[in-house]
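Undergrad: From first to last, the protein sequence lines are chains V and W.
Quick note, the working numbering runs 2 ahead of the 1-based positions in the first sequence.
Quick note, the working numbering runs 2 ahead of the 1-based positions in the second sequence.
Since the hints were made in silico from the structure, they are not lab data.
Some clues are possibly wrong.
Stated by the list, open to error - 25 Å max Cα-Cα, derived DMTMM-like pairs, lysine to aspartate or glutamate:
1) W:375 / V:15
2) V:448 / W:235
3) V:286 / V:316
2 protein chains.
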Amino acid sequence: MAKDKGPRRPRAETPKGFRDYFGAEVTERAAMLSTIAGVYHRYGFDALETSGVETVEALGKFLPDVDRPNEGVFAWQEDEGAEKAGDWLALRYDLTAPLARVFAQHRNDLPTPYRRYAMGPVWRNEKPGPGRFRQFYQCDADTVGTASVAADAEICMMLCDTLEEVGIPRGDYVVKVNNRKVLNGVMEVAGLGGEDRANERGIVLRAIDKLDRLGPKGVRALLGEGRTDESGDFTKGAGLGDEQADLLFRFIDASDDVRRLNTGEVINRDQPIYGASILDWNRKILESLGRLVADSKEGTAGVSELLEIVGYAENQGYSEKQISVDPSVVRGLGYYTGPVFEAELTFEIADEKGRPQRFGSVAGGGRYDDLVKRFTGQEVPATGVSIGVDRLLAALRAKGRIGGAAARGPVIVTVMDRERMADYLAMAAELRSAGVRAEVYLGNPKNFGNQLKYADRRGSPAAVIAGSQEFERGVVQVKDLVLGARIAADASLEEWKENPSQVEVPRGDLVATVRAMLDR
Amino acid sequence: MAKDKGPRRPRAETPKGFRDYFGAEVTERAAMLSTIAGVYHRYGFDALETSGVETVEALGKFLPDVDRPNEGVFAWQEDEGAEKAGDWLALRYDLTAPLARVFAQHRNDLPTPYRRYAMGPVWRNEKPGPGRFRQFYQCDADTVGTASVAADAEICMMLCDTLEEVGIPRGDYVVKVNNRKVLNGVMEVAGLGGEDRANERGIVLRAIDKLDRLGPKGVRALLGEGRTDESGDFTKGAGLGDEQADLLFRFIDASDDVRRLNTGEVINRDQPIYGASILDWNRKILESLGRLVADSKEGTAGVSELLEIVGYAENQGYSEKQISVDPSVVRGLGYYTGPVFEAELTFEIADEKGRPQRFGSVAGGGRYDDLVKRFTGQEVPATGVSIGVDRLLAALRAKGRIGGAAARGPVIVTVMDRERMADYLAMAAELRSAGVRAEVYLGNPKNFGNQLKYADRRGSPAAVIAGSQEFERGVVQVKDLVLGARIAADASLEEWKENPSQVEVPRGDLVATVRAMLDR
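Okay, chain V solo, but in the shape it has when bound (with noise of 0.2 Å):
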């Protein structure tokens, strides 16, 4: 063959970064947001679809004048001869900018406030890694349109039913609330106020995010210096004084009590904390906060609105338990301005060295102000918050609160005939009509084994076995294969002589043998 001719075969890949998901990966995903859509549902918000393309100049995250915008995103140029040929499309990185964008086109038609649940794939132009992939889900909601910190506290307690409902029970979750206000408040009493500081108040912001990982000491040496790390890198500091550092270090130690209150070193909640019950937790750390950000006028608004906050809880019989004020969350996007949130499951589970280690958050959001306005000029007050789906389903999968029957195979009608496929089909469409899951075996019958080992790969509880000698006495074999793999492991001499895995009996009581199958 001339070697130009015949293109080589292409490869079965999927495109680095992205994976297929299979069988109950995706029932179970789609059973648990069909229930969060039913909480958000309930709670008032209407759902709303956008396409996965929007142009780069609506998603804005991006400057329209670059050549190749798509720092982060895929993003293509519309072609040749197209309306608007030249123009820059990519997919959404996230559900809250077409949000944005959507409320600015309709927001004559839209009630307002409008509260707005979403759920999809978000797709992120980023180098993948193990468990990272370039698309993931987002079940967003968002109340777009008041100022009311009512709608911040309906959030928060909306994620705790939202939580419940897929099968977290209470005690293994906590909502984190903290608020921007509160933290800025605390950089202006350090003297960092002012448009002029921002970059320090950025500093702040990363080292305070990166205590876990570099201890006190490393975050005091970035607030005020820099850092030299392990590899001799060096990182510049805010150059922040010791007066402001050690204002700062009031504020993470508080973080830090919380934290280690919540990875258990501080291991009761009902104990003691700060002199005050648990039941006086919130409270007690908001008149912490409150004495330390009292100079400033934005602190103290952060802190009278974590009140309401805690107020409305409180009077909806959520415990501190449930939501609870925590300093120590910053949340890393740029534009939250208000309260923020961010729900953590407080169990155990075992890392990839099998040391127990907490399953962390799961979701998070806030408060953001300016996202409209980008397009209308007019600053419109906005909140939600975003369910890491995927990350929520391995946690049920750990604790085991998934899986089982709902990802049993369908039971197999085998083929010993094939010139008896009507009566095979007979047989599954009955046993799908009394709400069975069934099918008949469609590959090469020949080998009965293969029919065997087929039903196995299904995960299959039962299959019915008929042949020639079957037909003619009007009976059919049901097998048991839960039962028979049982045996097959761990039998008496009993039970394998009586193999009673399989049985014999009427044609007709085909449909009621197999769901006493299924059922015990």
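Please arrange chain W on chain V, whose structure you already have, making use of the hints.
TA: Same frame as chain V, now just chain W:
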């Protein structure tokens, strides 16, 4: 301001050909997909979810050596610096190409035959038009790895079950079945067999597909030398002689009779046609087709496959009005190799000019045996169906079979006194605990009229009203907004006086009162 400072505001617009879906549009589709998934699952099909992004190489409709191979798809190159820099990626244009890739990639781990279903958006880089979008949903079920005609029959029967389960009653749909082999057989008998006549066969197929639009005369011209249309443009024909064209017309006429039958021109399917009652229709038309292709091995095989499908359908109790042989079904896609099917809704709806029109096709599919071979070199037989979810939803909406209570807005707890927010939140929470969708109005409460306007825009069935007087007296007002609207429209004087749409009840009766209101 300097003119290069502050970029202009971005446009709040979807890209051309994309749209947003709101509220019930989203939840009704989700409910339908969930119903369909339930049927597919019961038939033993397993869920598969691939990512929206594939390599252009794996999608395979396009040549990997073309500079910009995105004809019809949205494609872009991996960034410089990425592991596979320069590789072309694209959004999937259907769910079948990814299935072929998955089966080739995972064939050693997947059961064979592999029954899988998939649902999700696909993208086409095409010129958008009215009702024609560049992102839309598909919902597919396929069986890969079996040549058994029982698999094709199963798909047809499952399609009937699916249509009925989503709300299309028996009699309102027909699954039309044909076989590419019969079509090939007719062409073979007409002397159009063999590799070197592929071009003519293509022209013939396209001509038959245009029968509706061009009529028999136009088709005959295309089978012969060619046809000049109204604008004067000439389309070259297949160059067939009279005898060949006559033979094809005996096939086309059969199709045409069936089409007249289906479009109601020959009105009653229970009336004798070809001298046969509807009970014999499938077998009579197969006899007629069998005579036509008697000299072609492939054509005869095609007829016998259709007989097998018809036999299974009869045996399972599917009538000829549900699964009906129809030689007019050609199906555009080139890759079909055997049975092809199309589900049509047979009821009429008004078109844009108000004329009654058959709703038409909502699903289609068939057997395709070559898709996996691209990757592995081995031929893997497969068959499947794709449901056009959005068209099916449109049909159900046109018939008034979805909508109603599910699309209802939440009960609105209005805010008369800002200081009582905790109480209002408690009322909404109580209602939700009783399963009632409810929310507190969180906009500016100053203008009470705005709150009722908001409730109206949300489609709220009821509003709860409580000011300081009500709190003092331990009561609430509940306003029936549905009844209120009806009374506003056509009340008698008595009704006006009674004002039965608003009641005052003890605070403790709030939930019971609202529930009774929603139930009536």
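Undergrad: Please go over all the hints and tell whether each is borne out by the structure.
TA: Against the structure, the hints come out as follows:
no.: 1; hint: W:375 / V:15; result: 15 Å, holds
no.: 2; hint: V:448 / W:235; result: 58 Å, violated
no.: 3; hint: V:286 / V:316; result: 14 Å, holds
Of the numbered hints listed earlier, the single one contradicted by the structure is hint 2.
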